[in-house]
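Visitor: Given next are the chains, with one letter for each unit.
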Amino acid sequence: MSDFETYYDQHLFEAELQTRAERLVDLLNQGQLPQAMDEVQELNEMRHRALYHEVGTLTRAVHNAIVGFTDDVSSAELLQDSKQHIASISDATERLSYVIELTETNAHKTIDQVDDALRYVALIEQDVVRRQELIDELAALKQDHPQLEALYEKACRYAVDHSVTLASLKESLMGILLAQEYQDITGQLIKRVIQLVADIEEKLVGLMAVASRVNSLGALATSKAVAGATSADVSASAERSEAKGEGPQMKGRNEGAVASNQDDVDDLLSSLGF
Amino acid sequence: MNKDMKILVVDDFSTMRRIIKNLLRDLGFTNIVEADDGATALPVLKSGGIDFLVTDWNMPKMSGIDLLKTVRADPSLSHIPILMVTAEAKRDQIIMAAQAGVNGYIIKPFTAAVLKEKIDKIFERLQG
Chain A
72 MSDFETYYDQ HLFEAELQTR AERLVDLLNQ GQLPQAMDEV QELNEMRHRA
122 LYHEVGTLTR AVHNAIVGFT DDVSSAELLQ DSKQHIASIS DATERLSYVI
172 ELTETNAHKT IDQVDDALRY VALIEQDVVR RQELIDELAA LKQDHPQLEA
222 LYEKACRYAV DHSVTLASLK ESLMGILLAQ EYQDITGQLI KRVIQLVADI
272 EEKLVGLMAV ASRVNSLGAL ATSKAVAGAT SADVSASAER SEAKGEGPQM
322 KGRNEGAVAS NQDDVDDLLS SLGF
Chain B
1023 MNKDMKILVV DDFSTMRRII KNLLRDLGFT NIVEADDGAT ALPVLKSGGI
1073 DFLVTDWNMP KMSGIDLLKT VRADPSLSHI PILMVTAEAK RDQIIMAAQA
1123 GVNGYIIKPF TAAVLKEKID KIFERLQG
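Sequence lines, in order, name chains A and B.
Under my numbering, residue 345 is the last one in the first sequence; the count climbs by one each step, no gaps.
Under my numbering, residue 1150 is the last one in the second sequence; the count climbs by one each step, no gaps.
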């Protein structure tokens, strides 16, 4: 709903409230109590309708936002091969689950590569023994050939540099490995958001169902109001018991509506005129 | 500290299990088994032979804290040292874990050096 419409609706609501309030005062002044009670009942119902309309509009907006999530982001520059898969998912929570899946798969790919690289590092580390054997041979040779002294020192320096570089390489690889733990933390956060989105929609749909009950009950109470002066009390208590009694069934229905599929939510909202 | 001891790593994220496993391997521990939840870890523990338990807190079926309490309440398992590696960083939670009998607590994200330090400390204390 646009801001203008909201303003307009609110404006109408206020105007009607004023008219009815004035009529109520007139009726009371004239001593027409039954008609005045009718007026109170209608005012009450008007308030219900306004609230019901707001909740309905909000629920529809949330529902559309969840279902329409795909259209908003599929144009983003995502990995080419993921694109088709993403487009096939029509639900925001499923999209978020897919983000977890995607980051997990890629974290594993990275760890696979690190594992391979660490194996190569291990192989080079094993070769250090062979390197030392060569240096030892050279050391033995230089006993008889002093001209090999410079070459021997060069080889020793090379061996030290080589070991330092190898240690740094290993440290970097462990760093890459450890950096993949982001996936655990982002995954947990996304799981919480998924739950939040599902909860919000479920609660709103539940609220809609309750509101629709109260709304139809309000209409019922008005027809009763004509019959008796105590109708306001009757309808109030009826609303309470109805809203209360509906609880457990509502829970089951809400879960069904949200958990089974988004079409059910769509149907429910459409049936209520949203 | 016996480098051949059997370690059980429990985390619902497979990435995290691999990371911990790799870090442990780098520290010289190669006898490592995995479980993805407290509920799947328990039968592994009960089948015997686990010398050290590394567990996450937040898992779907049975949380790390419940696993910790269950292990401590079971006379055949209660001796196993337990290290928690978790994103749960609230003071109350750390106290709760300490009261339940945890031997070490690491908050994610962490470094290889922290993991080594905590493990060293746990086994120093046990031997001392």
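The set of hints was computed from the structure by calculation and includes no laboratory data.
Any given hint could turn out to be false.
Pairs of lysine to aspartate or glutamate, EDC-like flavour, derived with a Cα cap of 16 angstroms [to be verified]: (1) A/Lys262 / A/Asp186; (2) A/Lys241 / A/Asp187; (3) A/Lys262 / A/Glu172; (4) A/Lys262 / B/Glu1110; (5) B/Lys1043 / A/Asp186; (6) A/Lys241 / A/Glu172; (7) A/Lys225 / A/Glu196; (8) B/Lys1068 / B/Glu1110; (9) B/Lys1043 / A/Glu172; (10) A/Lys241 / B/Asp1048; (11) B/Lys1138 / A/Asp186; (12) A/Lys262 / A/Glu175.
Visitor: Each hint needs a verdict: does it hold in this structure or not?
Guide: Quick rundown of the hints versus the structure:
The hinted pair formed by A/Lys262 and A/Asp186 fails the criterion: a straight-line CA distance of about 28 angstroms is larger than 16 angstroms. For a cut-off of 16 angstroms, the pair hint linking A/Lys241 to A/Asp187 stands: about 12 angstroms separates their Cα positions. For a cut-off of 16 angstroms, the pair hint linking A/Lys262 to A/Glu172 stands: about 11 angstroms separates their Cα positions. At most 16 angstroms may separate the alpha-carbon atoms for a hinted pair to count; A/Lys262 and B/Glu1110 meet this at roughly 15 angstroms.
Among the hinted pairs, B/Lys1043 with A/Asp186 is consistent with the structure: their alpha-carbon atoms are about 11 angstroms apart, no more than 16 angstroms. Proximity of A/Lys241 to A/Glu172 is assessed by CA-CA distance (about 28 angstroms); at most 16 angstroms being required, the pair is judged violated. Between A/Lys225 and A/Glu196 the CA atoms are separated by roughly 20 angstroms; this puts the pair beyond 16 angstroms, and the hint is violated. Pair hint B/Lys1068 plus B/Glu1110 does not hold up; C-alpha atoms about 27 angstroms apart against a cutoff of 16 angstroms.
Annotation: proposed proximity of B/Lys1043 to A/Glu172 is violated, straight-line Cα distance about 21 angstroms (limit 16 angstroms). Restraint check: the Cα-Cα separation between A/Lys241 and B/Asp1048 comes to about 10 angstroms, which is no more than 16 angstroms; the hinted pair holds. Using a Cα cut-off of 16 angstroms, the hinted pair B/Lys1138 and A/Asp186 is violated, with the two alpha carbons roughly 20 angstroms apart. With a CA separation close to 13 angstroms, the supplied pair A/Lys262 and A/Glu175 stays within the 16 angstroms bound.
Against the hints set out earlier in the document, violations occur for numbers 1, 6, 7, 8, 9, 11.
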